[in-house]
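Heads up: the protein sequence lines correspond to chains A and B, in order. The opening residue of the first sequence carries number 1 in UniProt numbering; numbering runs sequentially from there. The opening residue of the second sequence carries number 1 in UniProt numbering; numbering runs sequentially from there.
If you're looking for bench data, these hints aren't it; they were derived computationally from the structure. Predicted, not measured: the structure shown is a model, and the values here were computed from it. Not one of these hints is a red herring.
Lysine-lysine pairs mimicking DSS-like chemistry, simulated, CA-CA at most 25 Å apart:
{"hint": "1", "chain 1": "B", "residue 1": "K110", "chain 2": "A", "residue 2": "K21"}
{"hint": "2", "chain 1": "A", "residue 1": "K130", "chain 2": "B", "residue 2": "K105"}
{"hint": "3", "chain 1": "B", "residue 1": "K105", "chain 2": "B", "residue 2": "K23"}
{"hint": "4", "chain 1": "B", "residue 1": "K47", "chain 2": "B", "residue 2": "K23"}
{"hint": "5", "chain 1": "B", "residue 1": "K105", "chain 2": "B", "residue 2": "K14"}
{"hint": "6", "chain 1": "A", "residue 1": "K266", "chain 2": "A", "residue 2": "K289"}
{"hint": "7", "chain 1": "A", "residue 1": "K289", "chain 2": "A", "residue 2": "K267"}
{"hint": "8", "chain 1": "B", "residue 1": "K110", "chain 2": "B", "residue 2": "K32"}
{"hint": "9", "chain 1": "B", "residue 1": "K14", "chain 2": "A", "residue 2": "K130"}
{"hint": "10", "chain 1": "A", "residue 1": "K140", "chain 2": "B", "residue 2": "K14"}
{"hint": "11", "chain 1": "A", "residue 1": "K287", "chain 2": "A", "residue 2": "K267"}
{"hint": "12", "chain 1": "A", "residue 1": "K265", "chain 2": "A", "residue 2": "K287"}
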Amino acid sequence: MPRPELQAPPEIFYNDSEARKYTTSSRIIEIQARISERALELLNLPNDGVPKLLLDIGCGSGLSGETLSENGHHWIGYDISQSMLDIAVEREVEGDVLLGDMGQGLGLRPGVIDGAISISAVQWLCYADKSSHEPRMRLKAFFGSLYRCLSRGARAVLQLYAENMNQSEMIMTYAMRAGFSGGVVVDWPHSSKARKEYLVLTCGPASLQTALPKGKGEDGEMCSDEDDSDDDENQTVGVYERNRPRKKLKVNKKGKSKGKQWVLKKKEQMRRKGNDVPPDSKYTARKRKAYF
Amino acid sequence: MRLLTHNMLSCNIKGVTNGFPLKLEADKWVTKEVDLNADFLRGVFPKIEWSALVAAARVLGFAELPEQADASMLSSNDFLRRFHHALLELHVEEGALVCPETGRKFPINKGIPNMLLHEDEV
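Isolated chain A (complex conformation):
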């Protein structure tokens, strides 16, 4: 299915029927609830039982806001689709919803918000839907206003589906330029379906407190419904950093690499496709020396 971002601008794509469909699909409700739970967890709010004032950017029909309400927080939701907001009001969500365009900036007073979440929304900013839209300016306006309205040390957790590396890089760049520190947490990196990227941003300079939490399922652990039983110790960090660790050679069950036969077969396949493949020699698929 083509990405919704490529079909129509959000305020058109999420029309009455699409909004209704979205909110009545039990699958979407479940996924949204699960992502919002995780986003709230990544927000790392102080565990003192005091309700906070949070922001939900791209709140839609309030599925994600419901999770915030269930945890006792007050929230303000932004969305650009009137149809989605109408349904939110119909469902009597507890937060306040506003019709607004995050690419125009949020229009909130400085330093008043304790945290922000956004579920599957920020990638929309990367698409120019009108002649006046300039994705870079819109990202700048969004992150600038988000940074201003958050109180110091507050976090923003933005779950997004970037279409490609360029997009996620562009989004990250503008977040950093606005003054945020943080990075990307990847849950279930090995699964194409369950894989989720969360931009975890902290207001203010990097410090020990802003260290990124770990992604789920990094060790090839299977994605299951019983996420909660996961052992925290077994998770590793899924962070894009400047020097990423090298890809490990895939190793089969016997602890060996795939071997010469496999490499030759692959090379033959590539040749048949017409690709430029180096000739086979005695060095093909040989191991490198162990350097020290």
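For this one, chain A is given, so just place chain B on it according to the hints.
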């Protein structure tokens, strides 16, 4: 829209330096009861622009807030109850928010303020 949200919003039009407080015009509003949470009120109090809250509550016919408030008043249950009522229980259903500098109106329909800007305002 609750007055909590109204108190946080400011006008976002390009070039506007003093977009707060947005003047509230209300045609229809309702009261919905919410449980009082004193910790939340104490936490949010320093962030509230008191004069804006008093003015907005007046528009909605609630005039029981004192003109001035400081943190010491938060120990009074009576004050907390009024503060809570103004902040969280009054919902504006129909009306408008008016930018104090440009006079631009942001309409409120069915409780949803329309904060979308025109292209020449971005």
